[in-house]
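Asker: Chains P and R are the protein sequences, given in the same order. Our numbering applies: residue 1 is where the first sequence begins, and numbers increase by one. Our numbering applies: residue 1001 is where the second sequence begins, and numbers increase by one.
Hint data in this document are derived by calculation from the structure and do not stem from the laboratory. Think of the CB as a built atom: it goes at the ideal place given N, C-alpha and C, for glycine as much as any other residue. Any given hint might turn out to be false.
Stated by the list, open to error - Pairs of lysine-lysine residues, derived as DSS-like cross-links and limited to a Cα-Cα distance of at most 27 Å, are as follows:
1) 1174/R - 4/P
2) 1141/R - 62/P
3) 1026/R - 1141/R
4) 1174/R - 65/P
Unchecked claim - Far from chain P by the CB rule (all over 12 Å, computed), these chain R residues:
5) 1078
6) 1154
7) 1208
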Amino acid sequence: MTVKIRFFARFRELLGTDILTDVTAGTTLRSLITTISQRNPEGHAAIFDENGTFHEFVILMKNGKRIELGDAADTSVADGDEIAVFPPVAGG
Amino acid sequence: MFSQRELDRYKRQMMLFGGEGQERLKKAHIFIAGAGGLGSPISIYLAVAGVGTITIVDMDVVDQTNLNRQILHFDRDVGKKKTASAEEKLQALNPDITVNAIDVKIEESNAVKLIGKANGIVDAMDNYPTRYLLNDVAIAKKIPLFHGGIRGFYGQATTILPGTTPCLKCIFPKAPPKEVFPVVGVTPGIIGTIQANEVIKYLLGSGDLLAGRLFIWDGREAHAEEICVERNPACEACGSLRTTKKPAREEK
């Protein structure tokens, strides 16, 4: 099973984007993003706090549908899924 | 009615939307929150397009570090109030419009009154607490909020039509942490221009707005994309608003 992860803005600078990765059945959205983001500790720290919980401002989408952060650990990913992870940008 | 000077000034855009469209712009009152990186291109383009009344609010003084992106302000303006600098430039660009530049911090106690009878609010702020406040006022007054945000080479924009599209809280329920953000001037140039384009289309009642669509710009890759965003029925800001299908476009 292959899924695609798209990071945006700061997350993209730290982790790249359009990452295709093989996952096993039952992989959750949260574990997937945790694993991928661990490629760069700074990238991981941008998305998760020290307890491994998503920073509250992070926005997750699966196939264009919003996934609440609290549901990410119960949401499994499937072949062909496209995951988007982004931070709002605040500057003006 | 238009003077000969106005007819000449707007000649090339009246080829697009006629005297009727130009009249709509002239009758409009747009509130721009912020005279910084986003507020500069937004106010410049709305001024030269002939938006009849522009209220622009900012509490800051022009600083040397603003000048890589805040193109309303010149080197000679360092130390001046941004509102004074903005009023001077906008009025020089187009003496046929009214510019109200107000030097004040936008707060819960004054926001409703400051925005007054404006037909729309443009978000040119640099922080989410004030953005959420503008969002609340837009919902209360049922007027659009033209959102933009930037950081580095990245930007985002969307047009919020209360009751029709998701509001700012639906899309971004939690603010990112405060920071001194890196930025190159072209990024607010691009996003601010998109916001101004949205305002003009909204006032004209033509074209497709970024309604329910979050526009995302990656200047490093020169790549734009959009994400569909949806209303949150449990949204603390707009959840109680009944859904209306048709955008509440400007009255004729």
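Asker: Take the C-alpha atoms of residue 1174/R and residue 4/P, compute the straight-line distance between them, and say whether it is at most 27 Å.
Answerer: Status holds; Cα separation ~25 Å.
Asker: Starting from residue 1174/R, check that the Cα of residue 65/P is at most 27 Å away, please.
Answerer: Holds, at about 18 Å.
Asker: Verify that the Cβ of residue 1078/R lies farther than 12 Å from every Cβ atom of chain P, and report whether the claim holds or is violated.
Answerer: It holds; residue 1078/R is separated from chain P by about 19 Å at its closest Cβ, greater than 12 Å.
Asker: Checking a non-interface call: every C-beta of chain P should be farther than 12 Å from the C-beta of residue 1208/R. Is that right?
Answerer: holds (18 Å)
Asker: Mind checking the alpha carbons of residue 1026/R and residue 1141/R for me, to see if they're no more than 27 Å apart?
Answerer: Roughly 21 Å between the alpha carbons, so the hint for residue 1026/R and residue 1141/R holds.
Asker: Starting from residue 1141/R, check that the Cα of residue 62/P is at most 27 Å away, please.
Answerer: violated (34 Å)
Asker: Is it the case that residue 1154/R keeps its Cβ farther than 12 Å from each residue Cβ in chain P?
Answerer: violated (4 Å)
Hints 2 and 6 from the earlier list are contradicted by this structure; the remaining hints agree with it.
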